[in-house]
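Asks: Could you build all of it, start to finish, from the sequences and the hints given here?
Protein chains in written order, with this note's numbering: chain F, 1 to 174; chain E, 1 to 287; chain D, 1 to 648.
Source of the hints: derived by calculation from the structure; they are not laboratory data. Everything numeric in this text was worked out from a predicted model, so none of it was measured. Hints are supplied without guarantee of correctness; some may be wrong.
Unchecked claim - Once the Cα atoms are required to be at most 35 Å apart in a straight line, the calculated DSBU-like pairs of lysine-lysine come out as:
1) D:K376 with F:K87
2) F:K87 with D:K372
3) D:K522 with F:K32
4) D:K254 with D:K160
5) E:K191 with E:K269
6) E:K203 with D:K456
7) D:K436 with D:K569
8) D:K456 with E:K201
9) F:K105 with D:K173
10) D:K221 with D:K173
11) F:K87 with F:K101
12) D:K56 with D:K569
13) D:K376 with D:K173
14) D:K586 with F:K105
15) F:K101 with D:K586
Stated by the list, open to error - Pair by pair, the computed Cβ-Cβ distance ranges are:
16) F:Q119 with D:M75: 22 to 32 Å
17) D:D513 with E:T90: 20 to 30 Å
18) F:Q119 with D:E209: 57 to 67 Å
Said to hold, decoys possible - Listed below are several chain F residues computed to face chain D (Cβ distance under 8 Å; list not exhaustive):
19) R9
20) A21
21) G27
22) I28
23) Y33
24) G46
25) A61
26) G79
27) Y84
28) L93
By construction, the Cβ of each residue, glycine as well, lies at the ideal position given by its N, Cα and C atoms.
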Amino acid sequence: MKNGDFEPRIVGILCNWCSYAGADLAGISRIKYPANIRIIRVMCSGRVEPTFVLKAFAEGADGVLVSGCHPGDCHYGEGNYKAYARKVLIEKLLHQFGIEKERFKLTWVSANEGERFAQIVSEMVSEIKEIGPYRPPRERMRELQPGAGTPPAPGWLAEEELETAVAGGAVAGE
Amino acid sequence: MNYAYMPGCSSHSSSRDYEMSALAVLKALGVQLEEIKDWNCCGSTPVSSVAPVTSMALSARNLALAEEAGYREVVVTCSSCYSMLKRAETYYRNDPAAREMMAGALKTMGRQFEGMVTVKHILELMVYHLGPERLAAAVTKPLKDVKIVPYYGCLLGRPQKAFDDPETPTSMDEALRITGAEVLRFDRKSKCCGGSVMLTKQKAVLRLVEEILWEAADRGADVIAVACPLCQLNLDAYQTRVNAEFGTSYRIPVLYFTQVLGIAMGLDKKHLALGKTFVPAGRVVNI
Amino acid sequence: MPDVRIGVYVCHCGSNIADKVDCAGVAEFAGGLPKVTIARDYQYMCADPGQDLIRKDIKDHKLNRVVVASCSPRMHEPTFRKTLESAGLNAYFFEMANIREHVSWVTEGREQATEKAKALVAAAVARVFYHEPLYERFADMNKRTLVVGGGIAGIEAALKIAASGNQVVIVEKEPSIGGNMAKLDKTFPTLDCSACILTPKMVAAAQDENITLYTYAEVEKVEGYVGNFQVTIRKKARSVDMDKCTGCGICYNKCPAKVPNEFDEGLGMRKAIYVPFPQAVPNKPVIDRQNCTYFQKGKCGVCSKVCPTGAVDYAQEDQLVTEDFGAIIVSTGFETLDPTLGPQWGYGRYDNVITALQFERLVNASGPTQGKVVLKDGTVPKRVAVLHCVGSRDLNFREYCSRFCCMSSLKLAHLAKEKTGGEVYSFYIDMRAFGKGYEEFYNRVMEEGIHFIRGKGTEVIQRAGELFVRTEDTLLGKYREVPVDLVVLNVATVPRADAEKVAQTFGIQRSPDGFFLEAHVKLEPLKTATDGVFIAGGCQGPKDIPDSVSQGAGAAAEALSLIEAGKVKISPVVASVDEARCGGCKACLALCPYGAVDFDDEKKVAVVNEAVCKGCGTCAASCASGAMGVRHFTDEQILAQIGEVLAV
Chain F
1 MKNGDFEPRI VGILCNWCSY AGADLAGISR IKYPANIRII RVMCSGRVEP TFVLKAFAEG
61 ADGVLVSGCH PGDCHYGEGN YKAYARKVLI EKLLHQFGIE KERFKLTWVS ANEGERFAQI
121 VSEMVSEIKE IGPYRPPRER MRELQPGAGT PPAPGWLAEE ELETAVAGGA VAGE
Chain E
1 MNYAYMPGCS SHSSSRDYEM SALAVLKALG VQLEEIKDWN CCGSTPVSSV APVTSMALSA
61 RNLALAEEAG YREVVVTCSS CYSMLKRAET YYRNDPAARE MMAGALKTMG RQFEGMVTVK
121 HILELMVYHL GPERLAAAVT KPLKDVKIVP YYGCLLGRPQ KAFDDPETPT SMDEALRITG
181 AEVLRFDRKS KCCGGSVMLT KQKAVLRLVE EILWEAADRG ADVIAVACPL CQLNLDAYQT
241 RVNAEFGTSY RIPVLYFTQV LGIAMGLDKK HLALGKTFVP AGRVVNI
Chain D
1 MPDVRIGVYV CHCGSNIADK VDCAGVAEFA GGLPKVTIAR DYQYMCADPG QDLIRKDIKD
61 HKLNRVVVAS CSPRMHEPTF RKTLESAGLN AYFFEMANIR EHVSWVTEGR EQATEKAKAL
121 VAAAVARVFY HEPLYERFAD MNKRTLVVGG GIAGIEAALK IAASGNQVVI VEKEPSIGGN
181 MAKLDKTFPT LDCSACILTP KMVAAAQDEN ITLYTYAEVE KVEGYVGNFQ VTIRKKARSV
241 DMDKCTGCGI CYNKCPAKVP NEFDEGLGMR KAIYVPFPQA VPNKPVIDRQ NCTYFQKGKC
301 GVCSKVCPTG AVDYAQEDQL VTEDFGAIIV STGFETLDPT LGPQWGYGRY DNVITALQFE
361 RLVNASGPTQ GKVVLKDGTV PKRVAVLHCV GSRDLNFREY CSRFCCMSSL KLAHLAKEKT
421 GGEVYSFYID MRAFGKGYEE FYNRVMEEGI HFIRGKGTEV IQRAGELFVR TEDTLLGKYR
481 EVPVDLVVLN VATVPRADAE KVAQTFGIQR SPDGFFLEAH VKLEPLKTAT DGVFIAGGCQ
541 GPKDIPDSVS QGAGAAAEAL SLIEAGKVKI SPVVASVDEA RCGGCKACLA LCPYGAVDFD
601 DEKKVAVVNE AVCKGCGTCA ASCASGAMGV RHFTDEQILA QIGEVLAV
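Replies: So, in C-alpha cells, the structure goes:
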C-alpha cells in the first residue's frame, strides 16, 4: 500500500471530563477533522492501562491517542499525572514490541479546547500517514525469511529486541 | 584555584583600575584569574538591542573558548559582560531555539559549546564561593570611621535573578562590612545610573546620577563603592557636570569594591590603581 | 447468563446526523451484529415517541441490552437510562454511541461518516454485551454543617442554614468572628459603615440557638465523606474560662504587657490579654501566651488577681474535639500581599508609606488614632497618594486583578479627602468599576476633586524628607514624580499563607494563583472536587462584600440541598476488589487521590470505601494482578470496545 492511499486508523481513549468534552465541543463548533479516529470514553486518563494501548495495536490500530485534562485540572486531582507516569512505561513497552513511538501520543485537551482537539487529530493522522501502516513485527519478520531479499534495516529496533518481540508472540492482548 | 577570566573591553581601558585591583585582591586570596585567549566583545547593550542573535552568539563564543580550554567557570568583573554572558548561558541551557541558533553560529566559526561553563560575577565569587570568612581573614588594616554606600547598578540582578536580589541586593554590603567600614543603607543601590544612554540622552543621565549622588551625600557617605565599570565612570566623571547643572557641590569618591577591599587588606596601593578617579579617593586611601 | 438480546437505535437527530450518516444503513449493519435482536433508525430518539419505541421493544422483543447511537452520552445518557428503568430494565444495561458530536458534525464525507458511525455502533454493541446491572445506593446524611472561617461569607452561610432550623458550627481561627470586613471603616459604593452592617450579623450568629461558635479554634483533621464527615477541631487554650468571664474588661485594662495590635495592622498597641476589637464576638478576652509576662517569665498574674469572677485560667490546655457533620463550607478568606516584597514601593523603608488596611484602621473611629488621618509625626497630611494594583496585574508578583481594589481605592481616596481636606492623588492602570452602583461612585469621587492619574505608581522614593510617587502618566504621555506626604498602597489580595494546608485537610484543589478551585469555573462556583465540601468568599479568589455574601448564601443553599434530601446518592461506578486475586501489594492505596482504598490487615487485601471512591479508575489501571476493577469501566468492557471499534 502506498502511503498516499493509506488511511490510518487511530483509537482515541479520552477522559470524560476534559478531553471527551473537548471532542464534543469540536463537534458542537462543527470543526471538521479526519474521520480516522475512533473515540472511546474512560472516566479519567489515569484509568488507561498499557494493555488498552497494546490491545488497540493488536486489533490493527495504526495509532493510539490518549488524552486527559491539563496538568492541575484533573477532575480527580492527579489522574493525569498517573497517565503521564505510565506514558514512559508504555513507550518503553512499545519500543520492545517494535512499535514506533510516534504511533502513541498522550495529550492534554480541556473541555473548551475543541479546536485544539481537532488539530491534534489532524496532526496525528498526517504524522502516521508519513510513517505508514502499522505492521506487526511477525509480519515484518516474514520478510526476513531466506529468499525474501535483503532484510530492511529496522533502525529503531535492535536485533535482539526484534527477536524477543517475535519469540514472545507479537502482542500481549489479553 | 584558577578560573577563566573574561575582561571585557573596559577592563583594558577605562576600568583598568577595576581589573588591577580585582586581580590583586584575588591573588592575595590565593585565586588566579586566567584570561580567555582570543576573547571577544560580550555583545553588550548596543549590539543586543539591534542584533540580539549576533549578541548572544558573541557571548557564546567566549563561553566556548573557556570550555575548550578546560575551564568550568568564567569569572567576569564588568556587570554588562556578566549580564550578557549569563544570558547566553541561561538561554543555552533552557531555550532549545536559542541553543540551536547559538550552536549554528558557533559552527560557522568551527567551534561548539556543550553548556558546561558557568558564568560568575566577581562579587558572587568572593562573597558566595570564597566566603566572608576567607575575606575577613585577609583584612589586615580594617577601615575606621569610613562610611560607604554600596551601589550595585541595574545589571547585576536583572533581567533574571542570578545570585542576588534585583531590587535589594546584599552581597556587596557583606563584602564591604568585612573591611570594617560602616556600610550605610542605600535605597538607590540598584537604580539605573544611565550608563547605556550616557552619550545619547545626557540630560536624563545627569538626573539619574544626581539622584544617586544625592542619597549618598544625604546619608553622609565618604565613598560610593561600585561593581561595574560603567557605573564608576558615570558617577565619577559626571560629578562636575551634575554640580553645574543642578547647582550642587558633590565630591564623593567612587571606588570599585575591589579597591576598598584591597585597601583593607593592606595591598600595595599601586596595585590597586587608586589614582585614576576624577574625584580623588583622598581620606580613604590615606588612613 | 441468560440469552443476551440487544436492541440498537440509530437516531437521525432531524438532519443533524442524517445529513452526514446513512442512518438506515447503520441500522441495517447493526442488525447483523452478534446478539442484536432488533435494530432501527428513527427521527428523534430522545423525544417521547423515540423512548416509547425502546420501551415497547424491550417488552415485545424481550430486550435486555440497549444501544442508542445519537449524541454525546454527556447529553442524553441519563435520559435513556431512565427509559430503560421505566421499562423494568436496569439502567446500566445501556450504552451510547456518539455519532453526532464525534461523527456527523466533524466529518466531511458521507461515506467516511457512515463507516465511522458503524464502527462506533459495533463497539457499543460489543461493550454492552458485558454490562452488568448496577444499583445506586444511598447513605444517610448528617444534618449538621461545619463552617470554617467566620468572616462575612461564613457568617452569612451559617445564618442561612440556621434559619432553616439546622445545626451549624462555625470554627474561627481568631479570637473573634468578623474576618477582614471587621477591619474596614466604610464600604463602597454606599459608604455605609462596615461595623454598622457587620456587627448585627456577628451578634445574630452568636445568639442563634442553631449556631455554635468555636473561636480561637482550628480544624485539625477531616475524615469520612459527604453526609458523614468526622472533623477533629483544636480549641486552642484561651486561658480564660468562657463560662465564668463576663467580658467586663478589667483584665486587659490592668495588663502591663503591650504588643502591636494585629487587628490595627500593627499601628496601635494591645495588651497580652485582649479582645481584638471593641465589637468582638464573643466579647471575651484571650491570653496571647507568646507575649504574656506570666507565661514567658512565670511571674505577673495581674489579670488573674483583678478578675472579679476568677475566669483567668493559666492551666487551660488545647482541647481536641471530634464532631460529625454532613456538609462543610470552607470560607477561610484571604490575606494581602506583603508589601516589603517590593522594596520599590517604599513600605518599611519610609515612615509614611502604609497599606490600604492600615489606612482603614487610621480612618476608623475605633482605630489607633480614633479616626484621625495623621502622619507618623502626628501632623495631618496635605497630600495623599493612593496606589492601585500594588502587586496585582504584575507578572513579578500576582498576574491576576485583585478585583475590588479599584473600588476600595476610590473609597480610600474619598475618605482621605474628607478627613484631611488636602490633595488626593489616585494612581491607576485601568479603572475597573464593574458592580452595581460602582461607576456612579467613581463619577462621584471624581467630582470631589480627587486627582486621577492614569499610570501605575511604580516607585515611591524619599528625597530630603519628602516622598515622591513615580509614574508614567499615560494620558499625558509623560513621566511624572508627584510629591506627597502619605502613600497608601492598595496591595494585592492573596491566598492565606495556610491555604495549602487547609486545601489538603479538606480535599480542595487550588488554581494556579493559589486560591481554592471551584468544581466548574462558571457553573459550579461553590462546589469543590470533594463532594459535600463547598467554598465561599475570598478563599476562592478576590471578592468584595456583596459577592462574598452571595457566595455564603449560595454555599448554604448547596449544603441545605444535601441536608434536606436527607440521603446522599452514591454512584455505583466505583472501584471494586476481587479479593481472590488481590496480592496485597498496596500500590492502589498510595495512588487513590481520595484515600478511598483501605487495607484489610486480617485478609491482607485492599478494601474500597465505596462512599469515598469517585470511580476514576487510577487504582484499577495500576493493579498488577488485575484484582482491582471499576464497575461499568471494567477491563472486559473497554477491551471489547477497543476490539470492535476497528472492525469496520
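Asks: If you test the structure against every hint from before, which numbers come out violated?
Replies: 1, 2, 4, 7, 9, 27 and 28
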